[in-house]
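> Residues per chain, in single letters:
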Amino acid sequence: MEQMLKLWSESGLAQIEAGTVVMMAVGFTLLFLAIRKGFEPLLLVPIGFGTILVNIPGAGFEAAPIYDAVGHLESPGGLMYYIYNVGIASGMFPLIIFMGVGAMTDFGPLLANPKTLLLGAAAQVGIFVTVMGAVGLSSLGILDFSIRDAASIGIIGGADGPTAIFVTSKLSPDLLGAVAVAAYSYMALVPIIQPPIMRALTTEAERKIEMVQLRPVSTREKIVFPMLLLGLVAMLLPSAAPLLGMFCFGNLMRECGVVDRLSDTTQNALINIVTIFLGLAVGSKMSADKFLNWETLGILTLGALAFCIGTAAGVLMAKLMNRFSDTPINPLIGSAGVSAVPMAARVSNKIGLEANPQNFLLMHAMGPNVAGVIGSAVAAGVMISMVSGY
Amino acid sequence: MEVDLFQQGVDLMLFGMGTVFTFLISLVGAIYLMSWVISRFFPEPVQPAVAVQMAPVAVVEPRIQAVIQAAIDKHRGK
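Those protein sequences? They're chains D and G, same order as listed.
The first sequence begins at 1 in our numbering and counts up by one.
The second sequence begins at 1001 in our numbering and counts up by one.
Honestly, the hints are just simulated from the structure, not real lab data.
It is possible that some hints are incorrect.
What the hints assert, rightly or not - Footprint (simulated), chain G over chain D, 3 or more residues, beta carbon under 8 Å:
id, region
1, 11-21
2, 127-140
3, 163-175
4, 220-228
The structure presented is a predicted model; accordingly, all values stated were derived computationally and were not measured.
Even glycine gets a Cβ: it sits at the ideal position worked out from N, Cα and C.
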C-alpha cells in the first residue's frame, strides 16, 4: 500500500498545477501554429515540444545535477539543463547558427549597391524606440523592466532570431522564452505586419518605380568583403565581433570556393542540428513562473511595435534616399531592412509586383535585407557593451 | 531611480543609433573603396569568350572528301 501511495504521489496527476497545465497548452498552441499555420516551423516545433517536456511535473528535465558534500554525483540532472547551459548560456548555439546564416548569405546585391546599407541601419530605429517604450512603461510603474530587460525586448525589432537569443541570454535570461517566441512569431507574421505600413507610407507612383539593373560583382570582391567587415568590426565595435565574426567566417567559407564541403555542412547539417537543440533549449525556459505574467504580454506588444516602427523607418529612409539619389530607389525595398531574411525581401517584391507587374524588386531588396542582419548585429553589440555593466 | 532608468534608455537609444549609423556608413565607404581598388588594380582576368567550335568541315582533306563523296555516290547509284 505504501508503494502505491508513493507511486501515486509521483504521478503527473498528483503533482499537476494550474501553471504547468497552461504552459503545456501554450506548447500545444505553438505546435499548432507551426504545423497547421506554417509559422517558422523549424523553430516553433522544437520550442513548442520543449515547452511541453519541461512542464511535465516530476520529469526533472530542467533539474541541475546534485553533488553530495564530498563531490560525488548524486543525480545527474535533466537533459534540458545540459542543452541550455552548453548551448545558450554559453552563447554557442546562436553563434553557430549565425555562421550558417553567413554561409547562406549572398552579399552580391549589397556589394553592387552599397548605399542600401543605410536602409538596414534605418530599420534598426525600431529596436531603440522599443527600448524607450519598455523603459517608459517601467517608469510609469505599469510594468517592471530593468534596462537590461528593455534592451532584450528591443532586440526583437532586429527581426533576427539568433541575435535576439544571443542578446537576451547575455542580458536577461529569464525573458528568453518570451523574447524568442515573440521574435520568431513576428518573423513569421512579416507578410501580414509589413504590407499595410508599406502601402500607407508610399504613393502608387513610388511603388511603381523601377530600379536599374545591378552590376555584376566579381568573385574577388565577394571574397574580400567578409574580411573587410571583420576588420571594421574588430576596429570599431569588438562587442559585436562574436556575432559578426562567425557570420564573416561562414560567408568566407561560402565565397572562397575551396572549402565547399565545409560550407555545405555549415549551411545544412550543422545548422539543422543546432536548430533542434536551440529550439529545445528555448522551450526549456518556458516555465510557468517565467512566462505567465504581465511582463510577457508587454513583451509581445512591444515586440510587435518594434517590427512596425522598423518597417516604417526603413520605408521613410528609402523615400529620403530616392529624393537625393541619382538612380531611382523604390521605397518598398526599405522595409526589407528589418532583416527577417528572406521573407521581408519577398514582401517588398510582392507589393512592388502588385503596383507594376513588370517590376521585380527581389534582388534590390536583398541588399537592405542582408544589411539589416549586419545592422541588428551591430545594435546587439552596442547594447551588450553599454548595458551589461548595470 | 525612475529618472535614472529613463536616462539610461535615452543614452542607449542615442548611442545605439549613432553607432549603428556610423558603423554602416563607414562600411559603405569601405565597400566603395574596396570595389574601386579591386576593379582598378586587381581586375579579374577577362575570360575570352570561347568561340563555339563549328563542325570541322574544312578539316577534312579535299582528297578524303572526294573519296567519301565517291563512296556515297556509288552507294546511292546502286
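> Using a Cβ cutoff of 8 Å, are there at least 3 residues of the region 163-175 of chain D near chain G, or does the coverage claim fail?
Coverage by chain G is violated here, the residue count being 0 at a Cβ distance below 8 Å.
> Take the region 11-21 of chain D, compare each residue's beta carbon with every beta carbon of chain G, and decide whether three or more fall closer than 8 Å.
violated (count 0)
> Tell me whether the statement that chain G covers the region 127-140 of chain D is true, taking a Cβ distance below 8 Å and needing three residues at minimum.
With 10 residues close enough to chain G, the hint holds.
> Quick check: the region 220-228 of chain D, covered by chain G? Criterion 3+ residues, Cβ under 8 Å.
With 5 residues close enough to chain G, the hint holds.
Of the numbered hints stated above, those contradicted by the structure are hints 1 and 3, listed in ascending order.
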